[in-house]
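Chains as they are written, first to last, in this note's numbering: chain V, 20 to 444; chain W, 512 to 738.
No lab work stands behind these hints: they were computed from the structure.
Do not rely on the hints blindly, as some may be mistaken.
So, partial list: chain V residues that the calculated Cβ filter (under 8 Å) puts toward chain W [claimed, not checked]:
(1) F296
(2) V335
(3) E339
Where is the CB? At the ideal position from N, CA and C, for every residue including glycine.
If you want the building blocks of each chain, they are given just below.
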Amino acid sequence: MRRRSRWRRGPRGSGPLRRARDDRLAGGVAAGLANRTGFDVTVVRFAFVLAALVSGVGVAFYVLAWLLVPAAGQRANIASKAVTDRRGIALAAGLSSVLIVVLLIASVLRVGWLGTLAWPPVLISVAGMVLIWRNAPADEQATMRRLAEPLLGLPAGGSRSASRIVLRGCVAILLLCSGLITLLTGHPSHLVRPLGGVALVIAAILLMLGPWWLRIGRDLVAERQARIRAEERAEMAARVHDSVLQTLALIQRRSADPQQVVRLARAQERELRSWLFDGRAPGSLGASGLTLAAGVRLIEQEVEAQHGVAVEAITVGDCEVDENLSALLAAAREATVNAVKWSGAQVVSLFAEVEPTEVSVFVRDRGRGFDPDAVPGDRKGLAESVHARMARRGGSATIRSVRGEGTEVTLTMPRAAGERQPSRA
Amino acid sequence: MSTPAGSAPGGVRPRVFIVDDHGLFRAGVRSELGDEVDVVGEADDVEPAITRIAECQPDVVLLDVHLPGGGGQAVVTAIRASHPGVRFLALSASDAPEDVIAVIRSGARGYVTKTISGADLVDAVRRVAAGDSVFSPRLAGFVLDAFAALPAAGGGRPSFDPELDQLTPREREVLRLIARGYTYREIARELYISVKTVESHVSSVLRKLQLSTRHQLTRWATERRLT
Numbered sequence: 020m021r022r023r024s025r026w027r028r029g030p031r032g033s034g035p036l037r038r039a040r041d042d043r044l045a046g047g048v049a050a051g052l053a054n055r056t057g058f059d060v061t062v063v064r065f066a067f068v069l070a071a072l073v074s075g076v077g078v079a080f081y082v083l084a085w086l087l088v089p090a091a092g093q094r095a096n097i098a099s100k101a102v103t104d105r106r107g108i109a110l111a112a113g114l115s116s117v118l119i120v121v122l123l124i125a126s127v128l129r130v131g132w133l134g135t136l137a138w139p140p141v142l143i144s145v146a147g148m149v150l151i152w153r154n155a156p157a158d159e160q161a162t163m164r165r166l167a168e169p170l171l172g173l174p175a176g177g178s179r180s181a182s183r184i185v186l187r188g189c190v191a192i193l194l195l196c197s198g199l200i201t202l203l204t205g206h207p208s209h210l211v212r213p214l215g216g217v218a219l220v221i222a223a224i225l226l227m228l229g230p231w232w233l234r235i236g237r238d239l240v241a242e243r244q245a246r247i248r249a250e251e252r253a254e255m256a257a258r259v260h261d262s263v264l265q266t267l268a269l270i271q272r273r274s275a276d277p278q279q280v281v282r283l284a285r286a287q288e289r290e291l292r293s294w295l296f297d298g299r300a301p302g303s304l305g306a307s308g309l310t311l312a313a314g315v316r317l318i319e320q321e322v323e324a325q326h327g328v329a330v331e332a333i334t335v336g337d338c339e340v341d342e343n344l345s346a347l348l349a350a351a352r353e354a355t356v357n358a359v360k361w362s363g364a365q366v367v368s369l370f371a372e373v374e375p376t377e378v379s380v381f382v383r384d385r386g387r388g389f390d391p392d393a394v395p396g397d398r399k400g401l402a403e404s405v406h407a408r409m410a411r412r413g414g415s416a417t418i419r420s421v422r423g424e425g426t427e428v429t430l431t432m433p434r435a436a437g438e439r440q441p442s443r444a
Numbered sequence: 512m513s514t515p516a517g518s519a520p521g522g523v524r525p526r527v528f529i530v531d532d533h534g535l536f537r538a539g540v541r542s543e544l545g546d547e548v549d550v551v552g553e554a555d556d557v558e559p560a561i562t563r564i565a566e567c568q569p570d571v572v573l574l575d576v577h578l579p580g581g582g583g584q585a586v587v588t589a590i591r592a593s594h595p596g597v598r599f600l601a602l603s604a605s606d607a608p609e610d611v612i613a614v615i616r617s618g619a620r621g622y623v624t625k626t627i628s629g630a631d632l633v634d635a636v637r638r639v640a641a642g643d644s645v646f647s648p649r650l651a652g653f654v655l656d657a658f659a660a661l662p663a664a665g666g667g668r669p670s671f672d673p674e675l676d677q678l679t680p681r682e683r684e685v686l687r688l689i690a691r692g693y694t695y696r697e698i699a700r701e702l703y704i705s706v707k708t709v710e711s712h713v714s715s716v717l718r719k720l721q722l723s724t725r726h727q728l729t730r731w732a733t734e735r736r737l738t
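All chains should be modelled from the sequences, with the hints used to inform the complete structure.
Now the structure itself:
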């Protein structure tokens, strides 16, 4: 800090005019001028701001100086590089033409505050800033980014957040004031002025609060995604633990019993498959929303797990399970368990077909078979529970068995209504 | 299982090639097949399988539906173009019906699940070697499902050959019995027809499955994939 009066002129610098690199706010033009002329840099800056507010010429002059005056310690100016930047020139020309169109529209609508701006300086400033932005050396671009950040929104770091907020606040207040003035002084019968005022006020609010809203939104989204990922991982881990890891532990403990190991492996395989291919969590089949194919698969899994006999279940078609069909499933389960228990067969076939008017289930084993007319006491339960269960709901059950060849239980249940769906088995 | 004693020419051991990406499983199949067949080679992926099968020219290829380098159907398609005499039997632990149907449609003569017993597998290999087809109960269920779901899907373009696009009542009956766990012999007795007739019904179903150009079959597969 130089401890002398701001208004007294200091010693003049020597050599050609150069933009300052150390003491700059934007392009270092003001600081360069101050060095060269000996005025205090704050005075020069104040003069620029004043010139800018009065007519806009100050801005244009500043931008031109930025373009044409080389930075301290350099020979070439930005303009010498910019003349070869075809895309930059095209962009500047494009922006200028857009501005001209806006000017024309504004003059037609007689929007006063737009008309008061001096347009040539504005055009020069905009085009010049585009060229500077594209062609300035890296360090100057960094400076510009730093300047633009608080206005454009969301910088990465939060180190200079206070100054950013102040700057943003100033611009927002400026916009707000001009918007309110436009609103209050506007003629009520003229529509365009109030609209412009409202637009300015909205812009001010957006500028002030927009970045904050954006950040909140972004944080919320990021947090939600992280939470979903964590939940998915936890769910996956829980399922793998409940099914695969448990089964592996059991297999290790029972490795001496091949029958058990086979049974466990088969049950686990089915469970995993139904999870991977059908997206059904193991054991997640509630009573509600159960489909017939899922019910049949449940019978298959449970009977295999409990009795260690393979059940080959096949479903053709599928439908929702209503009360009648859950009775059918219960009967089918009963028949399957009986076949597993009594037939002595290694495999029991369970076939279910959904047709438009009825649902049929066939439970077949190639076991020892029995004479249905001379049912032993312990198998009466099957006949009665299955028969009675089906008959109560309007269905039927037939049992066909030949000694030494096997047994087949046929269950049919009429369907109340509804369409046939492709199965999910 | 639904495969009765085979009709393979006595004394001639079919030459078998095994394609599966699990070495353990290949070894298991090899030992289960035992001396009944002549295992002439193995491969663990699509590319080596195509090269080696072309070299060995086996009678039957036991093919896993799922392979790391693409589906088993890639192998079937490639080999059938160059060596039409080689027959394929799909062997899979997969329950995804559209994959199984895809391999059958590309030209495999049958499908059995990996839980099949050694004797049944030997029998199935013999049948395929003899030019017959092998329908496991599961495949029968898939096929019934595929063809049955079609009229409901309805609409769409009319197919070129309606004959190919639906099963006859008799064929449906045969498939249903296979799905219920009946052997061909039992089916023949049940329907009062000869075993040969059962076989011809099954072959006809296989032909329809492979030749049907109906896009509904594709759509059926697509819809299943989505659900």
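Hints, one by one, checked against the model:
| no. | hint | in the structure |
| --- | --- | --- |
| 1 | F296 | holds, 5 Å |
| 2 | V335 | holds, 4 Å |
| 3 | E339 | violated, 14 Å |
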